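Asks: Below, each chain spelled out in residue letters.
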Amino acid sequence: MGHHEERTKRVREVAKKALEDKKVRYFIGYTHGTYCGRDQPVFVDKPTDVDRLHWGPGSTHNLAVYIMDDKRRPLKKGEQPDKRPIGIIVKGCDTMGLVEFLKERIIDRNDVFLVGVECDGIVDQGKLEARLKKEKVPVKARLDLKLSVEGDDLMVEYEGGKLKVPFKDLMLDKCLVCDRREPLLHDVIITRTGELKEGREETAKVGERRRNGRSKARKEEDYSDVKAIEAMTLDERGAYWEKELGRCIRCYACRSSCPLCYCEQCVVDPSNLSTKPTTAPEEKARRAKWVERNNDLSETLFFHLVRALHTAGRCIDCGECERACPMDIPLRKLTRKIRKDMKELFDQEAGSDPNEKPAMATAREEDPQEFVR
Amino acid sequence: MSGARPDRSCGNADAKNLYLPQIAEIINIKEETKGARAVKTFRFRLVDELAQRSFSYRAGQCAIVSVFGAGECMFALSNTPMIKEYMEVSVLRQGRVTAALHALQVGDTIGVRGPFGNGFPIENWVGKNIVFVGGGIGQAPIRSVMNTCIRRKGDFKRLTLIYGARTTADLVFKDELDQLLKSPDIDVHLGIDVAEKGWPHFVGFVPTNVLEVKPPPEGSIAVTCGPPIMIKFVIMNLEKLGFKDDQIFTTVEAKMKCGIGKCGRCNIGGVYVCKDGPVFSWKQLKALPQEY
Amino acid sequence: MIQDKPMKEGLIMKGEVVHWLRALVKEGKEVLVPVETDGKVGYEPLASVKDDKVLLEFTNSHRPPKGVVFPQCEVLLVYGTEKDKKDAAGKVGKGRMKVREVRPEMKETVIFAIRPCDARAVAILDKVFSGTDLDPYYWARREKVILVGLACAEPDINCFCTSVGGSPGGKEGLDVLLTGIGGGLYAEALTKKGADLMGSKAFEAPGAGVREKAGAAHRTAAEAFARVLKDGTVEPKAVAETLTGKYEDPYWDETAKRCIGCGACAFLCPTCHCFDINDEGTKRKGRRVRSWDTCQFPDFTLHTSGHNPRPMKKFRIRQRVYHKFKYMPDNIGVLGCVGCGRCISMCPMNMDIFKVLVDVKAWEAQAKKGAMP
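Residue numbers (my numbering), protein chains in the order written: chain R, 35 to 407; chain L, 450 to 741; chain A, 350 to 722.
Calculated from the structure, these hints are not laboratory results.
Take these hints with a grain of salt, some might be off.
Said to hold, decoys possible - Taking lysine to any residue and the SDA-like style, the derived pairs with C-alpha atoms no more than 20 Å apart in a straight line are:
#1 A:Lys632 <-> L:Gly518
#2 A:Lys375 <-> A:Asp401
#3 A:Lys579 <-> R:Thr68
#4 R:Lys110 <-> A:Asp602
#5 R:Lys161 <-> A:Asp387
#6 R:Lys168 <-> A:Asp387
Stated by the list, open to error - Calculated from the model, a selection of chain R residues having no Cβ within reach of chain L, i.e. all distances over 12 Å:
#7 Asp142
#8 Lys174
#9 Glu184
#10 Pro200
#11 Asp375
Since we're looking at a predicted model, the values are computed, not measured.
Every residue gets a Cβ at the ideal spot worked out from N, C-alpha and C, and that includes glycine.
With these hints in hand, go ahead and build the complete structure from the sequences.
Replies: Okay, here's the thing in structure tokens:
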């Protein structure tokens, strides 16, 4: 029995108890998706529905993306605000995003009940489907896949056969270099062997824990993908980004899928959700339009470069932007460049310490100042 | 159907380009209200005289006005189509385009596309009483159909106007209303939400005034425009008075861009507000999803 | 089922196809062919593609070729004031504002190996952009486009064209349909434009039984589909009727919960056609541009006053399904979906329109049962 079954059992137990005790309003977790063994997010509000929840190698999504929607939902007429938290199943990488939420004070720690699950890596659906195509597994057989992990291998069971592949061959790129498999924030931890450890993290000590106890796999982040681009000449780099970003169709999936892109008024997104019935006409009239909706290269470059810069000190590299992008633009390379710069220039790492002040809102005397001449 | 192509008469790339605005000059600007809820009536005529003479529309139809550089907005043509020399739109300053429009002067240029929409089915109302119920800037489309009915006196029986706004400062077309109060062609009932010194007419919300005035439903048509909340209660009260859902007409506001039912923005249920509306009977509106 | 005798038919060996296409380029036509770049198939101009890169075997292109007739952004008009002029009396007269339409100009363009679903989608767009208020920009492009379809030999995992009235060998919208038969392609002209393309000597007379073999190939491909509605296909009238009266069903709220409003579904859909119009420039000079938009964006219906008729996701998801499966059937008699499955494959949260159709068919079956005496 793979450890995912154990973790699934625990997730259901925790959710059932929390819902029965009415400790949370509802749970956001993972359930089986509709094709190729993937998962989909699920919202469970009844203890009798917890069997829909599960946890496995397909539990890709960063469920923190739903938090702001919940916070911003207008109350119905006569509805009293419910102060209970929402329960969320989170992986190590997801909790780093929540660290940023706490830093920015956009949520209170008690707004969320975090079920942290220790993770061994997540399947890259694209790689899996490519492998199945290569093995000539017919589409009918690929529809209802069963994924499980045995040791270092991923077992892919399909109708009429099965495949055993080294898990690292089919893992998300970000998981191959992961150094954050243990959740930093948690109200409950479910270990990789299915053990349940109750108790909230010592929020004051999170930063220290992160600094002292990074996963045994890596002590430093691996930026070789970013370094490969830094090694290009300016012309090569220009050509590379023109080619990659030139495909952008301005669908804003990257912005929609990023939990930290919660601004209602966004510099690079011409839509304006902060218009309320009470917004004054003068304010609406004066709102600047920084970028047009067309996908000329200059507008697109502006969109992506400015957006990347706005992730400085905040992006924790959950990779959802790249996963959501329908045009396969290597967005993580941009955001990780910014992450690398933040580490090198300011010794700052987003998502590691909720007690820090937001990086771009802090100035220290020792900050580099080469631009001051 | 293989090689399905619609018949040539509509797939013709030489047909009129409805996205292309005609150039118009602003010949008069009237400040109807000031301040946070500033309304101005813009009178304009197409620069091409022939085009202006042949620009014809039905009351209730709209035009898309271009304020070049800022964008376009759809407005109800607020003067009666029986006037051929110019068109008017009455504009509440709300956002970027309307602010840019409000900043224009007499002599400035705008673009005009249209007319779009269905207009009021006045021909079906001949011989009936018509009750116009307007609130705030909603009086703009009503003015068009109301003045048409007044001009065509004899075609209709009793004409009634029930119009109200938040304060006297928010009443639009004040000078025309003063004239209409004296006119034998229409019974005018004005109102403001909260009492003001020297205000001789009704004090209260427009829907309440409707119950006060008690227009009889037999042989009558009601036309109402205004803020969504007002329309909701006006319709409720008209029904209380015995009006059926096919006797009540209103206009629906929606965010619009193309004006010709292609861009999808104003699609509600099976209709496009720009093309199949903005005039709908309450009967038609009830059948649509409540997404307006 | 093969019915009438085709307008013109032929058999071209697979090795001759590229020569045939290059001859069309020599005639002055633009020819777009499917090529694979970084693991994704897209349509590129043949002039910049090597012979051996032209694909004859692929499931479907990543993006539909709808951009050829309805590009992501196009300029509708340019506007500008003429310079202020001094008249004979020395008085400065204000320069007149002039508006000039920018009519798209295109060479005759052959889209080679478009799939039947995407061609059917173009036929749907034809209906949308016609009518008494026809769209001259769309037609200026559409008139120049010739569609040479390639029948599908194998479906992709999310293909479901057969459930919405389509077929791997469907002919709607096409000028020519090619079907792979052994080492050759059976070609059937469906319009005069298509017949004119087949003048090349590369087309031999097909032998006896080839046409029947093509029909059999279409049926074989249809049998390989993973996603097929068990209760029969979705018919425009029937589904429109089933959906009437389900507006307020809590189903839409449940389904919408995991959607993040990213818009990837609409932007990669071959039938989606919503667009935005914006001015770019100053009040004296600039251009008016239209660009793709989607009813899935939260600001799509947002009024300047701050009122939003579709403030919650459930309204927007409902709108997508209803527009495609009720409003379009009611208004123009066709479904707004061709079953290409791209929206399913692209969605980062596993929204699944096929699953919605399964549920709608279940409602249909229930209603029938209820109606039976």
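Asks: State for each hint whether it applies.
Replies: Hints and how they fare:
The straight-line distance between the Cα atoms of A:Lys632 and L:Gly518 is roughly 4 Å, inside the 20 Å bound, and the hint therefore holds. Our distance criterion of 20 Å between C-alpha atoms is met by A:Lys375 and A:Asp401, whose separation comes to about 19 Å. Proximity of A:Lys579 to R:Thr68 is assessed by CA-CA distance (about 16 Å); at most 20 Å being required, the pair is judged to hold. For the hint linking R:Lys110 to A:Asp602, the alpha-carbon distance of about 15 Å falls within 20 Å, and the restraint holds.
Among the hinted pairs, R:Lys161 with A:Asp387 is consistent with the structure: their alpha-carbon atoms are about 13 Å apart, no more than 20 Å. As the CA atoms of R:Lys168 and A:Asp387 are separated by approximately 16 Å, the hinted pair is consistent with the 20 Å bound. For R:Asp142, the shortest C-beta to C-beta distance to chain L comes to about 34 Å, beyond the 12 Å cut-off, and the non-interface label holds. Chain L leaves R:Lys174 outside its interface by the beta-carbon criterion, the shortest separation being 30 Å against a cut-off of 12 Å.
For R:Glu184, the requirement that its beta carbon stay farther than 12 Å from each beta carbon of chain L is met, with the minimum near 50 Å. In this structure R:Pro200 is separated from chain L by more than 12 Å, as the shortest Cβ-Cβ distance comes to about 48 Å. Non-interface call for R:Asp375 relative to chain L: holds, since the shortest CB-CB distance, roughly 36 Å, exceeds 12 Å.
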